[in-house]
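Colleague: The residues making up each chain are set out below.
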Amino acid sequence: GDSVTQMEGPVTLSEEAFLTINCTYTATGYPSLFWYVQYPGEGLQLLLKATKADDKGSNKGFEATYRKETTSFHLEKGSVQVSDSAVYFCALPTGGGNKLTFGTGTQLKVEL
Amino acid sequence: DAGVTQSPTHLIKTRGQHVTLRCSPISGHKSVSWYQQVLGQGPQFIFQYYEKEERGRGNFPDRFSARQFPNYSSELNVNALLLGDSALYLCASSLAGALTYEQYFGPGTRLTVT
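In order, the protein sequence lines correspond to chains A and B. So for the first sequence, this note's numbering puts the first residue at 1; every next one is plus one. So for the second sequence, this note's numbering puts the first residue at 1001; every next one is plus one.
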């Protein structure tokens, strides 16, 4: 079935470092792809999305490009801040489009 | 505007007991979905309701049930609790059933089964 695979964490970076969190997907067709973020003690927030191949989603300095050739949707940010410390989830709609299937999450810790 | 609200925030139950979790969607949203997030894992889909009808069900036993009320709020019920039911239960609301509409998540209910 449709699924996503994320790189395992935790990822620890110094402030202002470059961030990449890998996500690859398996799906029939070209579904929308999402990145969600979960800050400590909170629910999930949609960070960005891409609805078709070659689209680039961006928000708060984060970017991800929907690449059908490599079935990937890697999350990137040029300069991370301590406030970016959170767990990041890659997700895609499955089951006819009425539910989200999430990756296992990647914990990011940014230190001064 | 208020976001998705869930109650209670935390609760502790004993094996074999029953629990009811509640969710109020964002005003105007007609779809509510429930997810279970076990510590260290991604959320797993349990149910989706749209216009008070079940539109999707994940791979969970019949001990899990849900319903949506005329005001679009929702309850998730779990019977005969097991230790493995300990998790963060997330509710998400959206304007309609399809995922072309953004899902907004609540803060979750942390359930501990002892």
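Derived by calculation from the structure, the hints in this document are not laboratory data. Everything numeric in this text was worked out from a predicted model, so none of it was measured. Idealized CB from N, CA, C, for every residue including glycine. Keep in mind that a hint or two might mislead.
[As the list claims (entries may be wrong)] Residues from chain B shown here face chain A by an in silico Cβ test under 7 Å; the list is partial:
| id | residue |
| --- | --- |
| 1 | Q1041 |
| 2 | E1054 |
| 3 | G1056 |
| 4 | R1057 |
| 5 | P1061 |
| 6 | F1069 |
| 7 | P1070 |
| 8 | S1073 |
| 9 | A1080 |
| 10 | G1084 |
| 11 | A1087 |
| 12 | L1090 |
| 13 | F1105 |
[To be verified] Quick list of simulated restraints, FRET-style, between CB atoms:
| id | chain 1 | residue 1 | chain 2 | residue 2 | range |
| --- | --- | --- | --- | --- | --- |
| 14 | B | N1079 | A | T20 | 39 to 45 Å |
| 15 | B | N1071 | A | K109 | 18 to 24 Å |
| 16 | B | Y1101 | A | T28 | 37 to 43 Å |
| 17 | B | G1003 | A | D2 | 40 to 46 Å |
| 18 | B | Q1041 | A | G61 | 42 to 48 Å |
| 19 | B | L1011 | A | T28 | 35 to 41 Å |
| 20 | B | S1073 | A | A17 | 40 to 46 Å |
| 21 | B | Y1101 | A | E15 | 42 to 48 Å |
| 22 | B | T1020 | A | E76 | 27 to 33 Å |
| 23 | B | G1016 | A | K56 | 46 to 52 Å |
| 24 | A | E16 | B | R1022 | 20 to 26 Å |
| 25 | B | G1003 | A | F18 | 28 to 34 Å |
| 26 | A | G61 | B | Y1101 | 31 to 37 Å |
| 27 | A | E8 | B | L1011 | 37 to 43 Å |
Colleague: Taking the Cβ atom of Q1041(B) and the Cβ atom of G61(A), is their distance within the range 42 to 48 Å?
Modeller: violated, 27 Å
Colleague: Should the hint that G1084(B) touches chain A count as held when the rule is a Cβ pair under 7 Å?
Modeller: violated, 17 Å
Colleague: Assuming the hint says 46 to 52 Å, is it satisfied by the Cβ distance from G1016(B) to K56(A) or not?
Modeller: holds, 51 Å
Colleague: Can you tell me whether the CB distance of L1011(B) to T28(A) sits inside 35 to 41 Å?
Modeller: holds, 40 Å
Colleague: If I claimed the Cβ atoms of S1073(B) and A17(A) lie 40 to 46 Å apart, would that claim hold in this structure?
Modeller: Roughly 43 Å apart at Cβ, these two residues keep to the hinted range, so it holds.
Colleague: The hint names P1070(B) as touching chain A; please verify it with the least Cβ-Cβ distance against 7 Å.
Modeller: Given a least distance of 21 Å, the restraint on P1070(B) is violated.
Colleague: Quick check: does the Cβ-Cβ distance between Y1101(B) and E15(A) fall within 42 to 48 Å?
Modeller: violated, 36 Å
Colleague: If I claimed the Cβ atoms of E8(A) and L1011(B) lie 37 to 43 Å apart, would that claim hold in this structure?
Modeller: Given range 37 to 43 Å: violated, Cβ gap about 31 Å.
Colleague: Confirm or reject the claim that N1071(B) and K109(A) have a C-beta distance inside 18 to 24 Å.
Modeller: violated, 41 Å
Colleague: Using the nearest Cβ pair, does Q1041(B) come within less than 7 Å of chain A?
Modeller: Since the shortest Cβ distance to chain A is 6 Å, the answer is holds.
Colleague: G1003(B) and D2(A), beta-carbon distance inside 40 to 46 Å?
Modeller: Hint violated: Cβ distance 28 Å, outside 40 to 46 Å.
Colleague: Next item in the hint list is E1054(B). Is there a CB on chain A closer than 7 Å to its CB?
Modeller: violated, 10 Å
Violated hints, listed in ascending order, are 2, 4, 5, 6, 7, 8, 9, 10, 11, 15, 16, 17, 18, 21, 22, 24, 26, 27; each of the other numbered hints is respected by the structure.
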